[in-house]
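Chemist: What follows is the residue order along each chain.
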Amino acid sequence: MLSKVYEWLRAADLKPDDAMVTSRTKAVEDLEKKIREADNYDLLLGIVTAAVGGCERLGEQSPAFATLLDCVRTQSPAFPSAIAENGLHLRMICCLGLGELLTSNEEQESEADELLAATMLVSGLGLKLKEAGRHLDKVFGELGNVARAKLQRQAVALRERDDLDWDDFDGLKGIAGDQPNFNQKLLKALRGLIQGLQKQHKSDREELEVMWWLYNGYSDRLGKQIKSASPLLAATAIGRELADRVAPPATVGLNELVTQAALRDRPAAQVKAKPIDRIVAELGEAGRKLLVPGAEHVRKFARETGMLLPMSWLCVRLEESQGASGWEAELLSNTALASDRELAPGELAAQFFAERQAQRVYQSLVQVTA
Amino acid sequence: MTTLRYACSKPDCTIAATGKCLELHEPTECPNANGATAAPPTEKPASGKPAARVFPPATELGLKDALAIMQGGYVHLIAILGATDAGKTCMLNALYLLASHAGLSPRFQFAGSLTLTGFELRTRHLRKWEKGQLPDQLAEHTTHADPRNPGLLHLALSDSKQASRRIELLLTDLPGEWTTGLIKQVQSAERFEFLQRADGLVIAVDSKRLWNVNQKNAELLSLEHLVDRLADAVKLDRQIPLYFVACKADASGVEIPPGLETVVAYAQGKGYAAQSVAVASFSRRPEDVANGYGIQSLVEAIIDYQPPKTARPVIRPEPTRSFGRSLGQRN
Chain A
1 MLSKVYEWLR
11 AADLKPDDAM
21 VTSRTKAVED
31 LEKKIREADN
41 YDLLLGIVTA
51 AVGGCERLGE
61 QSPAFATLLD
71 CVRTQSPAFP
81 SAIAENGLHL
91 RMICCLGLGE
101 LLTSNEEQES
111 EADELLAATM
121 LVSGLGLKLK
131 EAGRHLDKVF
141 GELGNVARAK
151 LQRQAVALRE
161 RDDLDWDDFD
171 GLKGIAGDQP
181 NFNQKLLKAL
191 RGLIQGLQKQ
201 HKSDREELEV
211 MWWLYNGYSD
221 RLGKQIKSAS
231 PLLAATAIGR
241 ELADRVAPPA
251 TVGLNELVTQ
261 AALRDRPAAQ
271 VKAKPIDRIV
281 AELGEAGRKL
291 LVPGAEHVRK
301 FARETGMLLP
311 MSWLCVRLEE
321 SQGASGWEAE
331 LLSNTALASD
341 RELAPGELAA
351 QFFAERQAQR
361 VYQSLVQVTA
Chain B
1 MTTLRYACSK
11 PDCTIAATGK
21 CLELHEPTEC
31 PNANGATAAP
41 PTEKPASGKP
51 AARVFPPATE
61 LGLKDALAIM
71 QGGYVHLIAI
81 LGATDAGKTC
91 MLNALYLLAS
101 HAGLSPRFQF
111 AGSLTLTGFE
121 LRTRHLRKWE
131 KGQLPDQLAE
141 HTTHADPRNP
151 GLLHLALSDS
161 KQASRRIELL
171 LTDLPGEWTT
181 GLIKQVQSAE
191 RFEFLQRADG
201 LVIAVDSKRL
211 WNVNQKNAEL
221 LSLEHLVDRL
231 ADAVKLDRQI
241 PLYFVACKAD
251 ASGVEIPPGL
261 ETVVAYAQGK
271 GYAAQSVAVA
281 SFSRRPEDVA
291 NGYGIQSLVE
301 AIIDYQPPKT
311 ARPVIRPEPT
321 RSFGRSLGQR
331 N
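First to last, the sequence lines map onto chains A and B.
Mapping the first sequence onto our numbering, position 332 (from 1) lands on 332, and the numbers just tick up by one.
Mapping the second sequence onto our numbering, position 208 (from 1) lands on 208, and the numbers just tick up by one.
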């Protein structure tokens, strides 16, 4: 991703010179290193927020902004600190840092930093409208593709069916007389075998759960058949309930399956896009509960990070205020989504799916370090 | 805007006093500069005296000057090419004059400019009418002190369509010789590298030449050569939209001149999203064609541009088991 430094920096500089490119390349490497070395995910999530929503979302006093600035100032000590003067430049450093994080470690597929960054990017960029201009949109398009590619690699690795390893059992024949050693080796062999079987079992179970859920078409949360719910309510239920049955990250194909399920057996007139304010009215109380996280720390994160989990933010806001008015302006300021933004059922299902997956990743990772 | 003051760890360096680095580094990039402090741009007026309005002195911005506005937020770069006397500077003047007297309302309001002096210098011909008629020459011939870097004009607009969001525009005012030079000499392509950052590329065409049967074919051929140069020598990004603007529509009519659509099709054939537009920056027949005809819609087309939807790239690898495979891709 370091090959993109010149190109992406052009959003904030018509013609970055060699010294600038060299200096910012080092800053990007430094930022990636600091994200990987951090003992929690605050810096990573701050950088994703700044990339998706701008540095203004962090504020000049936040620790993540201070670290970001520090990475640049290590190379350019006189770099001004005001977001008003350098906001876009620093935002590009964030995008580059995340791109580098997602591409520099191709061999290792199960890194938690990459998983959290990629799921949050996919969720945060999912409903993002074309922003201010062509060049910035191109950067977001490329960053989104990098995130999806990383998730795909992790998803495939997670579901790959490995051949069971019998070599350890074969090795036991030679040490049958050495009881303590035999027992130790046997335990190791059994553990490996059971782990392999467990992985296969999980994949098979996920497959069965998803296929049967789609076959039955019954939503536990709504308490009725999907086809008897309105298209938008059905879409949200499909997104939420399938995300709970699929281990994150999901493959691209599973994401497509979610979108397809929201459109199945619906005439074209029913799957037309509608503005968010009408969607909110149509979903009602049952719909808005669907994306409210159960765990308190995840709910707090959704409440505070509307840029990354916009529909979760909306559901939490509506649920906690019992649908009190005035949410439209808050939605705009917290998520940059206007209430007249139109969404089709397929789009809504995909976004609910992505956000619920991101919630689950956040819950599993942040729980460990809380 | 604040002014940054730098200090240097090298005792001989005069950057604090002059703003110039002893080792010719950019102040923000100098490894010896040890901090920047914001100083107020002007001193406060003495109590009781009215503050004088200070206009930015710049007639145009260089690439480094543009950093002051580009680093903070997104700036739309609108590049304007075209032969001498095609009408490039007049388009800039018309945009400035429309913005400055609420001619872009209700959508846009004038929100400032760092090159007011430059716009005023360019429009001074227009303020000298003789016998109630516009002067023959509406704008002075554009020249550049720096033959390698473009000069930029700045205009900020407030956009009511996007909750009064501030839209920053940087507009190039290039001499016509740059365009004809690019057509004639491929070596000059290097100085157009900045075009890769453009949000839209406007190619100004004198529509009177396209309506003239003796000049039309040469003009069209020249435009196709320009497209070739942009595509092959400048290697202009195919995602940058091209606007072929038929200027002087007051004299030749607001319909697109004959042949221009073939150039548009030629550019589309090269992979660009191209379209043609007619404008009349200033009208000698305002009762038929309004002053500034087409200017606002051109600016809106660039600001609101949505690239054609493209299929998402194929993402590999695919799982070996059937479950979870992409519906649209197969190994």
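Keep in mind that the hints were calculated from the coordinates and are not lab data.
One should not assume that every hint holds.
[What the hints assert, rightly or not] Think about it this way: if two alpha-carbon atoms lie no more than 30 Å apart in a straight line, the pair counts; the simulated BS3-like pairs of lysine-lysine are:
{"#": "1", "chain 1": "B", "residue 1": "K216", "chain 2": "B", "residue 2": "K235"}
{"#": "2", "chain 1": "B", "residue 1": "K216", "chain 2": "A", "residue 2": "K15"}
{"#": "3", "chain 1": "B", "residue 1": "K270", "chain 2": "A", "residue 2": "K130"}
[Unchecked claim] Incomplete in silico selection of chain B near chain A, CB under 10 Å:
{"#": "4", "residue": "L63"}
{"#": "5", "residue": "E193"}
{"#": "6", "residue": "R197"}
{"#": "7", "residue": "I315"}
{"#": "8", "residue": "F323"}
Keep in mind that this is a model prediction, so the values were computed, not measured.
We put the CB at the ideal spot given by N, CA and C, even for glycine.
Chemist: Could you run down the list of hints and mark each one as holding or not?
Modeler: Taking the hints in turn, this is what the structure says about them:
The hinted pair formed by K216 (chain B) and K235 (chain B) meets the criterion: a straight-line CA distance of about 27 Å does not exceed 30 Å. The straight-line distance between the Cα atoms of K216 (chain B) and K15 (chain A) is roughly 37 Å, outside the 30 Å bound, and the hint therefore fails. Of the pairs offered as hints, the one joining K270 (chain B) and K130 (chain A) holds, with about 25 Å between alpha carbons and a cut-off of 30 Å not exceeded. For L63 (chain B), the suggested interface contact is upheld, since its CB lies about 5 Å from the closest CB of chain A, less than 10 Å.
Of the supplied interface hints, the one on E193 (chain B) holds, with its beta-carbon coming within about 7 Å of a beta-carbon of chain A, less than 10 Å. Because the beta carbon of R197 (chain B) sits about 5 Å from the nearest beta carbon in chain A, less than 10 Å, this interface hint is met. Restraint check, I315 (chain B) versus chain A: the minimum CB separation of about 5 Å is within 10 Å; hint holds. The beta carbon of F323 (chain B) is positioned within 10 Å of a beta carbon in chain A (closest approach about 4 Å), and the interface hint is therefore held.
This entry does not satisfy hint 2, going by the numbered hints stated previously; all others are met.
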